[in-house]
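So the chains spell out like this:
Protein chains: 2
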Amino acid sequence: MEKPTLPSGTRDFGPAVMAKRQFILNTIRTVFQAFGFQPLETPAMENLSTLTGKYGEEGDQLLFKILNSGDFLKDVDGQKLEARNSKQLSFAISEKGLRYDLTVPFARYVVMNRHEISFPFKRYQIQPVWRGDRPAKARYREFYQCDADVVGTNSLICEAEIILMIKDVFKGLGIFDYSIKINHRGILSGIAESIGAERNENPLFVAIDKLDKIGEGKVREELRLKNFSEESLNSLFDILKTQGSTSNKLDALDTVFEKSESGKKGLSDLRQVLSLLKSYDANDDHVEFDIALARGLSYYTGCIFEVKINNVGIGSVSGGGRYDNLTQAFGAKENISGVGFSFGVDRIYDAMEELNLFPRDTQVSSRVLVCHFDEDSMRYGLSILTKLRAAGIGSEIYPDVSKIKKQLDFANKKGIPFTIVIGSDEIKSGQLALKDMERGEQEKLSLEQIIQKLK
Amino acid sequence: MEKPTLPSGTRDFGPAVMAKRQFILNTIRTVFQAFGFQPLETPAMENLSTLTGKYGEEGDQLLFKILNSGDFLKDVDGQKLEARNSKQLSFAISEKGLRYDLTVPFARYVVMNRHEISFPFKRYQIQPVWRGDRPAKARYREFYQCDADVVGTNSLICEAEIILMIKDVFKGLGIFDYSIKINHRGILSGIAESIGAERNENPLFVAIDKLDKIGEGKVREELRLKNFSEESLNSLFDILKTQGSTSNKLDALDTVFEKSESGKKGLSDLRQVLSLLKSYDANDDHVEFDIALARGLSYYTGCIFEVKINNVGIGSVSGGGRYDNLTQAFGAKENISGVGFSFGVDRIYDAMEELNLFPRDTQVSSRVLVCHFDEDSMRYGLSILTKLRAAGIGSEIYPDVSKIKKQLDFANKKGIPFTIVIGSDEIKSGQLALKDMERGEQEKLSLEQIIQKLK
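Residue numbers (this note's numbering), protein chains in the order written: chain A, 1 to 455; chain B, 1 to 455.
In short, the hints are calculated from the structure, not lab data. Given the structure is predicted, the values throughout are model-derived calculations rather than measurements. Fair warning: there could be bad hints in the mix.
The calculated label-pair distances, taken between Cβ atoms and stated as ranges, are [as the list claims (entries may be wrong)]:
#1 B:N412 - A:K171: 41 to 49 Å
#2 A:K405 - B:S275: 26 to 34 Å
#3 A:I451 - B:N154: 44 to 52 Å
Simulated crosslink set (DSS-like; lysine-lysine; CA at most 30 Å straight-line) [claimed, not checked]:
#4 B:K74 - A:K137
#5 A:K3 - B:K333
#6 B:K406 - A:K333
#7 B:K278 - A:K406
#8 B:K3 - A:K74
#9 A:K167 - B:K171
#10 B:K428 - A:K278
#11 B:K54 - B:K213
C-beta: ideal position from N, C-alpha, C; glycine also.
Same shape as in the complex, but just chain A (with noise of 0.2 Å):
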């Protein structure tokens, strides 16, 4: 019999590790909820006619299908079958397909569901979603997903209170070394317009979404290549070099953007956002004007936020922006519009554990170990965990017989960071041993003085 493996890209989160993704999970799910976001969970599959040309061709390709049930092979035409076209032939023995991210089951969600949702309506979703990526370093082909969007409504106050959250998250987490990049679709376009490219936007976003990591020289070498001339990319520079505090940014777009009603709303919006945050008694810390944040999805049409945290090797832990679009593709006639972010847990996990944040007592596991030196105790034992679970206290007793050493190990290994010892003395006098696994510290006391102690 061969050894058990994992299929490549997947991992089992062992007890010590799911502690500190609960960590996590709990803080943002916390704070979504504390916002009047609702939780939403959506099947693991989808049909692929709701899965397919969502995610452009790549994205296609890293869809996980899954085999149809019973014999695939009846109705599949011969001649299929002979031209070996694997592509072809997938969409004759498979109808579903794993779950490649939460928007777009949201959005089938919401097509399915408008006439019984009450708008605007907040829905979270922690979810893992899979792609059949090339594994690599921090890529995996499944991870989990923690969105939160808002549909139905145009309010600016959706994108402030996307700040404010990011800002709990992170609080909540220890983590406060970390820039909220924040950008808009129209001062994009704006941009677009003023250097003469209205017509060639996509290559012109896709470019400088990339500034930061390849910067100015292979930018412009990459324009170059899609006929951007010499003008037009020193007059982008000029813009992307606009240097100053988010307000003197903007202040100076002003006169780039004089004729560009795109370049004005986004402006307009981003000004809003920003004196919303004032009327929540909120300061503008970490929040950053980002000229050249673009983030590759072109549905985005409003606002576009993504968050880095300093000082690690790592990409930006979540992003997000308003679309106009939503149920669109699934043929919805009312167009609905939202705004709504995504927190990368996977990513947020390897930066706290790069910068050493778990609080040190995430383990999950009883905070008390009931040992003993024999059956009797063993017995006395059951009656003192009874007890202590009543009162609250997490807690267990080692099983078996067993050297005293042998426990306490376990005890150790395990985290749990009390034991009480129990043997004949214990139980004639009643006062227990209570030993502070990391301190070394033992003291006699009572059952009801433990109880106050650990409560």
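For this one, chain A is given, so just place chain B on it according to the hints.
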């Protein structure tokens, strides 16, 4: 564009359903953790070599298989294609499948990590599983399992704690009319021996497991077809009809099992579990020794459990038992024994709906909606929001300037219990109108008073 649909047998869980599901899952998780169980998550996808052959032939057919990525036909033998044998071809074009239960992935995890795990290992796992069953009422293709297992000890303390956990979970859920049926594989073997059917255990167990559903006549009929003599059937039903309390029944079986080691072991284990419950100062309410409880799975070797909620048309909602060879199928040299059980969340959900047992306030929503008459009062509302949230009171604002009636309707539909309506008077006086949406009562209070009241 066609209307989007869900794959058959799968479901979306919208906010109202999610809130109730979270109530069930949180209750179970809290109890698991209080008893020292630690979380584990495994990937949705497992290698087919891990899954196949573990669930019997029928189970194998119900596995969802995932098409290999890329040009999956490239290396497929031409003859295999022409043979049009779906089953054979499936193994050539698919290496991975979706998790079918949580036990096999757990066994794989234990084998792969046995040198790092400190035994006894108590893990819980709450994740969806997928089965290609024909969808029907209360039978889904994607559903959650909640498993807890202890491996690496034979201590019957684990069995006693399973009973305690079941009781705590049901208490937490507010379910009081239910039975924890308990039996022992040794007792079943003892019965087989005492009626001379030790070589026919399987058909015997399969048949008596159905006694509940199909009655004595049909069980007799089924066993006659398997060549059980009339005499053995009469002995069988004499035993199965043993009446009285659990201890009466155990005592009655002492005589029947005088010559059966398995039977004696079964009786002694069950007595030990009941005696351990006493040491916990716990009673055996709800616990019911059911001689005919067999549970289909042949891998159980000790105590077996099954939980039924009374007065609902739903089968068992939880079950489990002790097994001796969790890791054998993966070629582990040491046999790792353990005991585990599983809660069926979907069935518990259906039962609680049927019995109307969900608390009224499960809905996940904010506690307050801030309503407003115009741009100014909306702005003022944002600072109110900040203070409410800082006090830990989940709250939100209606994000558009809109009619008050529409805003109040929105609070009602979303199940938000309180609203604060802000107008110019309120801004001037600082006295805010807090409305209890359910009672329809309204009072003028300062923000501090509101926070005190809602905290």
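Hint numbers the structure violates, sorted upward? 1, 3, 9
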